[in-house]
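Generate coordinates for the entire structure from the input sequences, incorporating the hints supplied.
The opening position of the sequence shown corresponds to residue 1 in the working numbering, with each subsequent residue numbered one higher.
Everything labelled a hint here was simulated from the structure, so no lab data went into it.
Glycine included, every Cβ here is placed at the ideal spot set by N, Cα and C.
DEER-style ranges, computed between Cβ atoms:
{"no.": "1", "residue 1": "17", "residue 2": "401", "range": "52 to 60 angstroms"}
{"no.": "2", "residue 1": "107", "residue 2": "46", "range": "44 to 52 angstroms"}
{"no.": "3", "residue 1": "371", "residue 2": "46", "range": "47 to 55 angstroms"}
{"no.": "4", "residue 1": "286", "residue 2": "54", "range": "46 to 54 angstroms"}
{"no.": "5", "residue 1": "66", "residue 2": "118", "range": "32 to 40 angstroms"}
Once the Cα atoms are required to be at most 30 angstroms apart in a straight line, the calculated DSSO-like pairs of lysine-lysine come out as:
{"no.": "6", "residue 1": "61", "residue 2": "398"}
{"no.": "7", "residue 1": "61", "residue 2": "432"}
{"no.": "8", "residue 1": "366", "residue 2": "432"}
{"no.": "9", "residue 1": "432", "residue 2": "413"}
{"no.": "10", "residue 1": "321", "residue 2": "298"}
{"no.": "11", "residue 1": "432", "residue 2": "350"}
{"no.": "12", "residue 1": "366", "residue 2": "398"}
{"no.": "13", "residue 1": "398", "residue 2": "413"}
{"no.": "14", "residue 1": "366", "residue 2": "413"}
{"no.": "15", "residue 1": "366", "residue 2": "350"}
{"no.": "16", "residue 1": "398", "residue 2": "432"}
{"no.": "17", "residue 1": "152", "residue 2": "321"}
{"no.": "18", "residue 1": "61", "residue 2": "413"}
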Amino acid sequence: MRYIPNTPDDRREMLREIGVSSFEELLGSIPTPLRLNRQLTIPDGQSEWQVRRDLTQMAEKNLNATGHACFMGAGSYDHYVPAAVNAIASRSEFVTAYTPYQPEVAQGTLQVIFEFQSMICELYGMPVANASLYDCGTALSEAVSMARAHTKRTRIVWSEAVHPSYRRVAQTNNLALGTSFDIAHCPNGQQTMDSISMLLGDDVAALVLQYPNFYGLVDDLSQLVERAHSHGSLVIFITDPLAMGLYTSPGQLGADIVVGEGQSLGNYMSYGGPYLGLFAASNELTRLVPGRIVGITKDVDGRRGFVLTLQTREQHIRRDKATSNICTNQGLIAARATFYLSLLGPQGLKAVGEACCRRTQYLIEKLRSIPGFSIAHEGHHFREFLLRVPGDARHFYKYMADNGILAGVPLTKFGINDERGILVALTETRTKVEIDSYVSLASEYASGGSK
1 MRYIPNTPDD RREMLREIGV SSFEELLGSI PTPLRLNRQL TIPDGQSEWQ VRRDLTQMAE
61 KNLNATGHAC FMGAGSYDHY VPAAVNAIAS RSEFVTAYTP YQPEVAQGTL QVIFEFQSMI
121 CELYGMPVAN ASLYDCGTAL SEAVSMARAH TKRTRIVWSE AVHPSYRRVA QTNNLALGTS
181 FDIAHCPNGQ QTMDSISMLL GDDVAALVLQ YPNFYGLVDD LSQLVERAHS HGSLVIFITD
241 PLAMGLYTSP GQLGADIVVG EGQSLGNYMS YGGPYLGLFA ASNELTRLVP GRIVGITKDV
301 DGRRGFVLTL QTREQHIRRD KATSNICTNQ GLIAARATFY LSLLGPQGLK AVGEACCRRT
361 QYLIEKLRSI PGFSIAHEGH HFREFLLRVP GDARHFYKYM ADNGILAGVP LTKFGINDER
421 GILVALTETR TKVEIDSYVS LASEYASGGS K
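Have a look at this one:
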């Protein structure tokens, strides 16, 4: 709908209707010192090309992954998005679609969601997936609530190798419900029996593990899963879907609930959103799954049809009986993920993962030889690693950014007391030239080039 400003006559009529004689009288409840006593300083109108030029100049002040080589990650990654994803997703049937309350007129939308659910089930090795949630943080929050509801316990155990931002969201949403959280320290960056098992017990609702973890390490979690289950606790995995082309699925490792961030599946970094919360669970937990699920049924004539099923959402039942009060999903972003996975296929997904691994290992080996730089953790890294630099990582980041490289995410951004630490990520879009430039600039920085 176009915006049509109101005329002076329109304003007089509206003021008369509400019983005031002027706009100033309408503001009578606002103290005079707080009112703006002058006209707004707004420039004259401009043509479309002038507005576009000015906005472009303003946008150029931002650091972005187009003008810089982006080695930033920590949950948001600069993966390539095939043009076909944008072409398909821009169709009006997907862009303008609303909640498919009427299945008879929304079979296309419902089928796309069903295909999305099926792909997430296949990636995660789980039998049930929902139609998506807002992002990984809210998906983890829902998983914690679900574990509490199933076990009737209130204690959650997770490691510091779980993304700090995801932990904060889950804590914020669950603390008021009486949930307590215990964090296991991981001195070597790995989630191990030694670092976590001592916190497990018969009062733990769920053990939360990240796979690959926040530091990019791919841990062997099978023993931890067995130990948690021996106490009757659920195990929640936070799993990068793009890594599933290479590694054993959470379902095969015994996970009860799996959540993840789907931004890397055909979606852009976009300054932090909109993103895509992935959520999958075991059959036993199906009726506690939050959000919506699309299922297959048959109509009265025996024809296959897609419908919303198990609709235990606030809009459909009493709020206190709902599995979740998040009553929406990321339909368009989930559709983009579906198109991306369809275009890549299993071999394409594996190829992207392998490209990330190769580039990551190449940079790790190069940086090891630079005095003052060190790789914080030993082990197998999927797509990112923690680098310790000489001095403050924020200074290193600025030096690199001034030279065209976004070097990573300083750990201090997450409130972690590690001024030298910077989390470095490499996707399939990083070239050898860019990686070698990173190494060259790091060498200059180490030899005093930043001074």
